[in-house]
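Visitor: Listed below are the residues making up each chain.
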Amino acid sequence: MRRLDGGREQGSGCDCWAPRVSGRRSGLRLVRSALADSGPALLALGGWTVLAAAPAVASGKALALAVDHGFLAHRPDAAWRWLVLFAAAAVLSAWATRRSYGPLARIVEPARDRLLVASAAGLLHRATASRGRATGATALAVAQVTRQVEAVRDTLAGQLLLVAHLVLTVAAVVTGTAVLAPAAVLPVAGPLLLALAAFATLTPRTARRQRELFATEEDIARSALHTVTALRDLVACGAERTALARVLADVAANEAAGRALARLAATRHLLVALGVHGPLVAVVLAAPTLIAHGMTTGALLGVLAYLLGTLEPALRLLVQGLGPSWIRLTEAATRLAATASMPEGPSGNRSAKPPPPREPHPGEARPGESREKWQPAAAVPQVDLRLLGVRFSYGPAAEPVLRDFDLDLGDGESVAVVGPSGIGKSTLADLAAGVLPPDQGRVLLAGVRADRLPAAELARLRVLLPQEPYVFTGPLADNLRWLAPHHSPAAVTDALHRLGAEHLTDRRGGLDGEISAATLSPGERQLVALVRAYLSPARLVILDEATSHLDAVAERRVDHAFRHRPGSLLTVTHRAGPAEHADRVVYLDGTSWHVATHRDLLAERPDYRRLLGVHPETAPNRTGSTRNRR
Amino acid sequence: MPADRPVPGRRPLRAVLVRGRRWTVALALAVAASTTATLLLPAVLARAVDRMLTGGGAAGVTPLLALVGLLAVAEAGAQYAGPRGAADTTARLRSDLVRRVVAAGPGAPARPAGDLAARLTASAPQAALAGPALVYTAAQLVTAAAAVTGLALLSPLPALAFVLAAPAGWLLIRRQSARTAGHGEAYQVAQAAITTRLVEAMTGGRSIAAAGTERAELARILHPLPELARHGHGLWRSQRDAAWSVGLLAPATQLAVLTAAGAELAAGRLSPGGLAAAAAYATLGLGGFGAAQSLLDLARARSGAARTAALLDLAVAAPGTLPLPDGHGGLRFHGVGKRTGDRPLLDGLDLTIPAGRWTAVVGADDAATAAVASLAAGLDRPDTGEVALDGADLATLHPEALRAAVATAFGDPVLFGATVAEALTAGQDGIPDARIADAARAAGADTHLRRLPAGYRTPLDDAPMSGGERQRVGLARALCRDFRLLVLDDATAALDRATETAVLDTLAAHTAGRTRLSTTRSAAVAAHADLVAWLDGGRLRAAAPHHRLWRDPAYRALFTGGAESGNGCTESKE
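These protein sequence lines are chains Y and S, in that order.
Residues in the first sequence are numbered from 568 upward in steps of one, following the numbering used here.
Residues in the second sequence are numbered from 770 upward in steps of one, following the numbering used here.
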């Protein structure tokens, strides 16, 4: 069909995975916990940074001596010696800087690891809690988290270096000045400390403005994306002017934030001027007095070298680097903290309901053959499934998907769940599998309430196969034995054969060859999951449109294999085939449910006939948009 | 509409510079002032120091004070003008861009929405850096050249030392940065491996939830983490080496300059203040390497400007002004031609959609039938000929008159609004709830919507929908409107057959007596319509009811297409 763009999901994908909760504090807490074991490395970093800054203390003195006792005293050899000392101090400083990267890496890399682990755990947890919803947005959400983790990694390192560098530079300049000429400390330190204090008071406002800029930037991105994505629909609904006005308003708000930041930038710069040029002017003005008190020419030159050569670049760095990247760090950390948070227990809870499942896509399938019973292999106990008076809805204001629903599926039986798209079949499958707890009523697996069974026990009793299978990057054999690692290669090969999936081993490497979701076709992915379910120890198999991407022949073979597998089968479908061969059919028509045999439903319910397309009166339509139905 | 034509050399950059010229000029003035002050500072400082040392009194301090004051003000001015100008230019560019895109309408040459949005959000600020980048590049180059000249004027020997020492160090740094790139790549590969595994697991979230193996999956996802850390450490190592080179370059240059200056001082050819000035000029000269960064910014600004220029050049047709005459929604295509790129879609199409009836438009070329739908809905204009509703050319109608008369439902509707109810009444105010529910029922969307967590009041973001569900909501949205003509552009294509038939039945009853136009590949839709218009080669091939056309094998082939072959093994049960 033309222009059916499945990837175009409504609403930006990012929001569903990372709920905007918790303030900035949670972000800082996350960063702090990521730095938890970095104490020794932080100390080492501090040590090397001190060593990197310390030579600066000596460099001014060395220059002063070179001038006073060397060049001015006409002793070039002495001048050389002092200048070599000046150079050696610089080299030592560079060397110490070089060494400081070691501890820096030991702080930042583990922190990145922890952040990645925490946010991956959060994302995965949310994906399982919402039962694999909104697959289109998944890649986006993951990419965003990756970017945020990297942002924290980059800025964390930068901030650590910058702060250390600045503090030590200021200390070195003041100390160095004290060594050269104690009397010059006041004119140097006075304006400098004043400037730093003023800068500190300006920081919260800068942070606020910067955050505003980021927020308005995001607003523009959202409203602009919305407007261009929905432009055709906006025009068709006559709503394009409203949308345009909204984007323009966001643009104006962003510009206002930019202006405010520009004003602050100018102010901050005046502070740098105060911090660097203030001491400069003060020292020059005080020079006669200082020299009268015994300061040498060289000492004066040394102090000036500190101010222009050492302090000025450091202060510039502070102004340009600290503000924006500090905000980047806290913003990214806040979002990561939201991603990493684990709001619910593993089994989900009542107040935070998962979203309704998405309607499975119409697929291609064929009916199978009649089922012949096998004698159970006994290792796992017989599993009866009973649903008693089950009621379920997706929210307090929502109409229930199921109400007063009863079903009895004995071990060895098979039931098909049939109904039009989006009517609640997958919800029923999840309820039966114990993945979703009912609002009312009980779901009993082997006589025990499913919501009281631990996950491992549930997995031993039943296996649920959704339409979108899970295939992970790894050897094919590992994928197939995911639910039953003990199986021998022979058993796996046998299962592949029974399900007609031998061609999966045709790729390089055979059973040990590495596969990934991206390298398999949708049909191959479903086959991997089907073989896996076949090999699982569970006696109750729940197939939820699990063969939708297989062709007719392949589906029949799969169907046959599962019918010969010991245990019971619950198949969710909107196609006739599985219904015909099932012992009973649960028919959901949107307002009520009916349990009967396929034959009885055909005889009694015209809507059921129509749904499965088994009545000749719809003949001209049979070749319509949905095919492969008959 | 003109295709995205290539933009010649400097033109896009000029479009950006023109929009930001006021602030660029202000920035240039401020930077020029601060550059001059910066360059004069060492010399003035030298003189002040020498005066002080020789007991010349505070007279030499006045120029220094003035210069420092000027420098502070000029730099602060530059710090303001730069970001202010960038914010201003960005906002102008963005406003112009979004106005242009909206005015050009959905008929403009198709671009992915993400690409359009990226041009609006990312390219505009990138382009807006053109002014500052240009100013700073010039200023840095001038400063470096002037610093070396200043050094040479002070004393040629230190200048020679600088010219020899600095470039050698620069080459060293360049080599280092190439090495960093290799580690960066391996780092990204490991990162991608983790990302892939995470996406796989999230996609299979339902299986993992059922198997209860979340913890084990997390370990599997994070398996490449040590590899990532290994290359992360590698990156730090190469950064460390780069920092080491830079750490050596500056003192080496400084040492060379100071040695030379010291020799001159000893020879009496340079004053003590002159030595301080020489050191300061050396630092300024090293700052010239910053121009490399500014040139990079300029290149980025140019590419951003090129991307925004493509949108600024979008052709916009003047909107019509006329009201719609009375009528019942009869639509006429008169000699309509429409091309996409070089391919003709419609080639002088003459077609009449009778008022009060349901007409289906079918054809082997999906793009041609889609063009009919968007032309009929007034979302696009024909290249030649005219489309007239009740006798009035759609191109001459006032946009509001047009929207009041035509409702459209799409195969891939994009829903917007805060809640589901708002998405249904988009662009209209005060639609009663009963009417919304009525429309939703007619479109077969009611059952699904009532089961959402808060029913019709559910926020749109919390209402995940499949293609079929979204189609039905999109259909309901069209039915919420008053219309003379309802255009259904492949609007039920994602529904399974039973659902589609049911929706078509209720739709037929709900819209009886009004003019409807469906484009479709579905035989069910064609069968529901009163009349089928069959397009072939951009023209009308036949117009007749479905059952009459069905006798023609070529017509039947439209609906079976390739499906027949894939569905060869029919296994009849009933």
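Keep in mind that the hints were calculated from the coordinates and are not lab data.
Ideal placement from N, C-alpha and C gives every residue a C-beta, glycine not left out.
Any given hint could be a false lead.
Unchecked claim - Label pairs and their in silico Cβ distance ranges: (1) Asp1152/S / Arg775/Y: 46 to 54 Å; (2) Pro832/S / Pro880/Y: 18 to 26 Å; (3) Ala907/S / Leu609/Y: 38 to 46 Å; (4) Pro832/S / Ala816/Y: 49 to 57 Å; (5) Arg883/Y / Ala907/S: 45 to 53 Å.
Visitor: Next step is simple, just say for each hint if it's right about the structure.
Guide: Hints, verified against the model:
The hinted window of 46 to 54 Å between Asp1152/S and Arg775/Y holds, with their beta carbons roughly 53 Å apart. At roughly 25 Å, the beta-carbon separation of Pro832/S and Pro880/Y lies within the given 18 to 26 Å, and the hint holds. A hinted range of 38 to 46 Å for the beta carbons of Ala907/S and Leu609/Y is consistent with their spacing of about 43 Å. About 50 Å separates the C-beta atoms of Pro832/S and Ala816/Y, a value consistent with the hinted range of 49 to 57 Å.
About 20 Å separates the C-beta atoms of Arg883/Y and Ala907/S, a value inconsistent with the hinted range of 45 to 53 Å.
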